[in-house]
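We have chain P already, so just place chain X on it with the hints.
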Amino acid sequence: MRLIWKLLRKHVSVGQLAGFFLANLLGMLIVLLSLQFYEDVIPAFSGNDGVMKNTYIILSKRIAAVSTISGEAQTFSETDISELRRQPFARRVGAFTASQYEVYASLSMGGIGFGTDMFFESVADEFVDVQWPQRNYDDLWAQSPSATAATEIPIILPRTYLALYNFGFAQTKNLPKLSEGIVSMIAMDVRLTGEGGSVRNLKGRVVGFSTRLNTVLVPQQFMQSANAALAPHATAEPTRLIVEVENPANDAIADYMQKHGYELEDNSLEAGRATYFLKVVAALVMAIGLLISALSFYILMLSVYLLVQKNAEKLQNLLLIGYSAARVALPYQLLTVGLNALVLLLSLALLGWLRGLYLQRLWEMFPTLVEGSLVPALVLGLALFLLVSLLNIIAIRRKINNLQ
Amino acid sequence: MLPEVFAQRTDNTSELWLQEVTFERGHLYLIEAASGTGKSSLCAYLTGYRNDYSGTISFDQQDISGLKHAEWTSLRQHSLSHMFQELRLFPELTAWENVEIKNQLTRHKSNAEIERWFAALGIAEKRNTKLAHMSFGQQQRVALIRALCQPFDFLLADEPVSHLDQENSRIMGEIMTEEARRQGAAVIVTSIGHHMPLSYEKTYRL
Numbered sequence: 001m002r003l004i005w006k007l008l009r010k011h012v013s014v015g016q017l018a019g020f021f022l023a024n025l026l027g028m029l030i031v032l033l034s035l036q037f038y039e040d041v042i043p044a045f046s047g048n049d050g051v052m053k054n055t056y057i058i059l060s061k062r063i064a065a066v067s068t069i070s071g072e073a074q075t076f077s078e079t080d081i082s083e084l085r086r087q088p089f090a091r092r093v094g095a096f097t098a099s100q101y102e103v104y105a106s107l108s109m110g111g112i113g114f115g116t117d118m119f120f121e122s123v124a125d126e127f128v129d130v131q132w133p134q135r136n137y138d139d140l141w142a143q144s145p146s147a148t149a150a151t152e153i154p155i156i157l158p159r160t161y162l163a164l165y166n167f168g169f170a171q172t173k174n175l176p177k178l179s180e181g182i183v184s185m186i187a188m189d190v191r192l193t194g195e196g197g198s199v200r201n202l203k204g205r206v207v208g209f210s211t212r213l214n215t216v217l218v219p220q221q222f223m224q225s226a227n228a229a230l231a232p233h234a235t236a237e238p239t240r241l242i243v244e245v246e247n248p249a250n251d252a253i254a255d256y257m258q259k260h261g262y263e264l265e266d267n268s269l270e271a272g273r274a275t276y277f278l279k280v281v282a283a284l285v286m287a288i289g290l291l292i293s294a295l296s297f298y299i300l301m302l303s304v305y306l307l308v309q310k311n312a313e314k315l316q317n318l319l320l321i322g323y324s325a326a327r328v329a330l331p332y333q334l335l336t337v338g339l340n341a342l343v344l345l346l347s348l349a350l351l352g353w354l355r356g357l358y359l360q361r362l363w364e365m366f367p368t369l370v371e372g373s374l375v376p377a378l379v380l381g382l383a384l385f386l387l388v389s390l391l392n393i394i395a396i397r398r399k400i401n402n403l404q
Numbered sequence: 405m406l407p408e409v410f411a412q413r414t415d416n417t418s419e420l421w422l423q424e425v426t427f428e429r430g431h432l433y434l435i436e437a438a439s440g441t442g443k444s445s446l447c448a449y450l451t452g453y454r455n456d457y458s459g460t461i462s463f464d465q466q467d468i469s470g471l472k473h474a475e476w477t478s479l480r481q482h483s484l485s486h487m488f489q490e491l492r493l494f495p496e497l498t499a500w501e502n503v504e505i506k507n508q509l510t511r512h513k514s515n516a517e518i519e520r521w522f523a524a525l526g527i528a529e530k531r532n533t534k535l536a537h538m539s540f541g542q543q544q545r546v547a548l549i550r551a552l553c554q555p556f557d558f559l560l561a562d563e564p565v566s567h568l569d570q571e572n573s574r575i576m577g578e579i580m581t582e583e584a585r586r587q588g589a590a591v592i593v594t595s596i597g598h599h600m601p602l603s604y605e606k607t608y609r610l
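Which chain is which? The protein sequence lines are P and X, in order.
For the first sequence, our numbering assigns the number 1 to the initial residue and increments by one for each residue that follows.
For the second sequence, our numbering assigns the number 405 to the initial residue and increments by one for each residue that follows.
Keep in mind that the hints were calculated from the coordinates and are not lab data.
Computed from a predicted structure; not experimentally measured.
The beta-carbon is built from N, C-alpha and C at its ideal position, and this holds for glycine as well.
Listed next, the stretches of chain X that the computed footprint assigns to chain P, with coverage defined by at least 3 CB atoms under 8 Å from CB atoms of chain P:
id, region
1, 476–488
2, 501–507
Below, computed lysine-lysine pairings styled on BS3-like, alpha-carbon distance capped at 27 Å:
id, chain 1, residue 1, chain 2, residue 2
3, X, K534, P, K314
4, P, K310, X, K472
5, X, K472, P, K314
6, X, K534, P, K10
7, X, K534, P, K6
Okay, chain P solo, but in the shape it has when bound (with noise of 0.2 Å):
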């Protein structure tokens, strides 16, 4: 190995090498920051919605003078909810299934006690950004009040409620911030009042908060089951909708609302192309980075097509006294596969000194950010490195075998 090496290394162009050397770095690094940059910003905007996950639009319908005067109905019937779920850019459409009966809470601390009426909604679990409780409440309405009263109703809020709570009441009338591992450990009680007056005493627990729904939610089997027990003879038309879309900025989302008199909640559609925005950016670099990193391995691959062509001969030389293809190819081989596997534990080490400075700017911006997974970062880098030496690989040992 030592004779034959000191034989091919003869035309190994230092120049060449550190060219693509560099340009694979620079390929490599800006592949894997935009992944990673990616994965540590996108919670800040979309919460716990996953990466690859879709954004959801809220929609409902406008209210207009004339409708409240008119008493024109604000729900959606059947036939607009199949209508939407046949648009494109609508990949599930859920209901929201609001309660026919009446919900007061309230809250009793130290003697003080405090309430309010209040409503239910529920939508299918698939939609919600929170994990239920496994619970069935069927059986919840034959038995007796009495036997029901220490039940509890698990209950999502939006993550913004607390926000509003915290950054704005409590900050301005001294009271504590509550944190939502505090704000779950308060039992409230709940009670629901359904046709003819038939009155049922629970208990209501704060289980979670979302980001992407802005109600006061329970679980919809629960919904289904209490609007049958306790409002029988009502049908409960939805008045709100729940749209996972691919990308929010579609125009036709905007048309389609638009003709059928729809609006949107602002939030979520700003969110989501905010999200959506930084999808296709993030997307963009990442595709630059890659196009970098083609070019580099063109450079590569040309320099050692150089580098066999120029040492022909000897590489036939040493075919014809026996070497084997494999074993004349396998000192270039080691060569590509080296610089690759150089190149990425480089734009490893970097790509962590960068993410540590990026990373001191966004906690200054948003303090609650959790940083994103490197899994995706490192296995991505891998499957590069292996797919480029893979292809080093063949590639250096056809071209000696062209020399046969």
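Relative to the frame of chain P, chain X by itself:
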């Protein structure tokens, strides 16, 4: 068998081209040829780096045109040794390294044996000299030693002594035949006139 470039010729007087010829282990052959009669082409066909001929060459009844790269590699390591007319040594390596690069592959000879050959052929003091700094005659001797550093059934020596004096030709011939005898192998020597003084059993005129 005939090289394709000779296909238009009508004046074939060769004892080899267009004839059926068999080389067998254990014998000593001489192929005499004038320049341009296809001597080096024949060697290239037999060692598999050219195949621009018509006709058939078979090793043990197997047509060699169907051999794969890996099979040629194995043949060149274990059965066919070729001392090239153009030597095909590596000028940037020393004389010793040129032999070593082959012996590393086959592990056929001990360093002591190789050193003995260097001494017998009078190039012992050139052991660590870069090949580029040696005369062609000295290089021919290095090429022979390299060709012997492998097991073989046939040793193909293409004009091995073109640049050697009588004495060195004689020593070279002795080493070659002794090594062939030990392995029960055949030696095929080509020459354009000045050839090794050996007792050839069969001579072909190309």
